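S.K.: For reference, the chains in residue letters:
Number of protein chains: 2
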Amino acid sequence: MTTTAESGPYIGTGGPAGLCLEDLHGSLTDPMSDSMNLLNEVAQRYPEALSFAAGRPYENFFEAEQVHRHLRVFCEHLSAVRGWSDEEVRRLLFQYGRTKGVIHDVVTRNLAVDEGFEPDPEAVVITVGCQEAMFLVLRALRTSSRDAVLAVSPTYLGFNGAARLADMPVLPVRSGDDGVDLDDLVRTVLRARDDGLRPRACYVIPDFSNPLGVSLRTDTRRRLLDLAKEHDLLLLEDNPYGLFPAGTSRPPTLKSLDTDRRVVYLGSFAKTVMPGARVGFVVADQEVTDGGGRRVGLFADQLAKIKSMLTVNTSPVAQAVVAGRLLENEHTLVRATAREAELYRGNRKVLLQGLEQRFPPGSGVSWNTPDGGFFLVLTVPFRTDDALLEHSARRHRVIWTPMHHFYAGRPYSHQIRLSFSTLRHEQIRTGLDRLAGLVQEQRAQAGQHTTDVPPYSNR
Amino acid sequence: MTTTAESGPYIGTGGPAGLCLEDLHGSLTDPMSDSMNLLNEVAQRYPEALSFAAGRPYENFFEAEQVHRHLRVFCEHLSAVRGWSDEEVRRLLFQYGRTKGVIHDVVTRNLAVDEGFEPDPEAVVITVGCQEAMFLVLRALRTSSRDAVLAVSPTYLGFNGAARLADMPVLPVRSGDDGVDLDDLVRTVLRARDDGLRPRACYVIPDFSNPLGVSLRTDTRRRLLDLAKEHDLLLLEDNPYGLFPAGTSRPPTLKSLDTDRRVVYLGSFAKTVMPGARVGFVVADQEVTDGGGRRVGLFADQLAKIKSMLTVNTSPVAQAVVAGRLLENEHTLVRATAREAELYRGNRKVLLQGLEQRFPPGSGVSWNTPDGGFFLVLTVPFRTDDALLEHSARRHRVIWTPMHHFYAGRPYSHQIRLSFSTLRHEQIRTGLDRLAGLVQEQRAQAGQHTTDVPPYSNR
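If you read the sequences in order, they're chains A and B.
Heads up: the first sequence at position 20 corresponds to 19 in numbering that gives the first Met the number 0, and the numbers run straight through without jumps.
Heads up: the second sequence at position 98 corresponds to 97 in numbering that gives the first Met the number 0, and the numbers run straight through without jumps.
Simulated from the structure, these hints should not be mistaken for laboratory data.
Keep in mind the model is a prediction, meaning the values are calculated, not measured.
Check the hints yourself; a few may be wrong.
No copy labels: a pair is met if it fits in one copy or bridges any two.
The calculated SDA-like cross-link candidates involving lysine to any residue, where the alpha carbons are at most 20 Å apart (straight line), are [stated by the list, open to error]:
hint, residue 1, residue 2
1, Lys348, Arg294
2, Lys348, Thr429
3, Lys348, Tyr411
4, Lys228, Asp180
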């Protein structure tokens, strides 16, 4: 095989195989698909820059031995508690396995303890991270070009990516002051129907959202559930940050308030156990009927069929790591992540204090106070785009996320997302000093003219 | 949350959320999507039946400790050979990581040693099993309803599944006596173009195929490559069984003969390391250009973009397990799987001898002699379908795979696939006795009339 052939223009029939971008799926020329890569790339090219960009869990608590320990705990549980033979344990770990996963009952128990609802274990599908769960749901709901999905905007990049892969348009719903503008939600549904579209579901991160860090109040959650029922929508509840409130109390999940099976719950262990397991899950307890009205099973069973054609099953080795961690902690991740939650709380405080010290009223810089999670959003008196990020990384040695990436289709904004999950206190302070340098420079270049940017707003 | 609500007919707007199958993706009502589930289900319902159905590797060589050992070997390699710090090793294992994977160089080395080609490591994407690799490639190649893919028929169920998920029609190419009927391939391409379709690629398992166990001769491989060039097709080479020849020599992979980057190579570690890692890969070294003819990278980079929207990255823990196994064996899986290869050779022999003893000439039963791999195909003088499989499992306590599942759209055939990878010699003999009982019963029911089924043929 030639691996050193000259690169050059596309050569057609009869020459070496070449592919033209326009002959590949539309998602690949969508600016959105470059977003995730771009952010990684900038971080790699400027390793000395401090990064407020990465939405990663804090990593200094990881221990090399924990993978081994978690694995052993799960295997011992199978033999000691469930009475499995060594052969059965080996088969579970090494062979092909149940499409819906092998730790569904452990996950169900965790949801009962930590989230106040206990689904039928048969309604749970263990997935390759929450990303696969999103794709499974969207692929299932997309039957024709009429099907569309709503999402509270700005939203998680990966959701737009999964929808693009499923050829499903995402209709943005304004976030507003409450985390979701319910009037705009209804308007968007009605307008979509007028346009001949069929809105199937609305994606929302009710707890400490990415990128805003905002949580829905409990009464907003109830009204959202009522509206979903009234307008026959499913709600896709994504909850990666729920265990990390700024205070001590956590609002109830949508799913725990859901009496009508309106909510498909998307779960992640990336922030609570480890990203490297790539284990997430979906709870889909909706009844599915055939054309004759006969019950054919749960929505989870349909998602499993799609999964069997996509990834066959989630690695049982990776599942065992996650289950071991849960079993070591009597099924509660609230307890297992107490140290991380405390660290994120401290980081948030240091970040908010640092912002106040460096950007006093009148500075033109404003920000929101997140209810928890990993992120807050800064509004600045100049345009933020990928070029400015690159400049910031090179010249000021500080990295952040331009907010336009979270609004599909925009080339720039006046906002940046700051993540406070991975840095230490002194890094946060140094990073903010550098960020202040960037702000000063940009304001100077603009001739001290203030722009017409309103103070911080989600709308 | 209600988990015990009564099931019943679909209740529309305003009631509990319900979903109707016709409002879900077409793949879910395709008989193909039931095939994999059906086969698992039968095996579970009749645990005392001997199964010739499962396409699984032999599992009695697995040791519980090997996951731990493989992991340690890879981590020690990172620190001792590459000089990584403990922190770097931990980050690789636990955090989000490179979309294209972290063991690409180890895999590249393995291909050089075992398969006679050494791709650019940047052309490799590590995937969640080979199944994800197939979907990535098909999703990338599918831009509109005009795009189609060819596949040598009968073929692996999972390929049809991945194509269905990508909304891409699969055009069957006859297998013929050579493993691929090249004349039929050309006819199929030309007919597709006449019909306004755009054939993008042809899927083939050149080594010990599933379900036929047939290998392409080297001259057939060369002619296939020439035809792919002439008709501007990519070849999707899937190679899960290549290390298990019946004899001692292995034919060269298509990729090792490919001087024009026509071949996208799909790799699996499910049969050579363990299914439970769910680690596969794709080698995609085709140059991709933009509308202006400028090189934008390799096809692998485009596949990685899709992967970032589908599963983010393959679990580095699972990747480490596979890499550790490769490193323990100086990158050669031929050596690592010598014991398994010997076992499959022995099983094949016992199966062929057993068939000869039980089904002499004139019995109406014929079969092919596979070149290696896990499978052979039996032709019988009666219809084989899912109902007969169920009957066979219940009444005769023997399970096999009805061949119509490997031909999209057929409800029955006169063939069955027998897998010889998981049974021990005495189980094979007992299973064949039971199978002979089924054949005798079916022939008696047909009143000893021979049917018009021709002897074994791939066509």
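S.K.: For each hint given before, does the structure comply? Return the numbers of the non-compliant ones in rising order.
M.R.: As far as the earlier hints go, 1 and 3 are violated by this structure, in ascending order.
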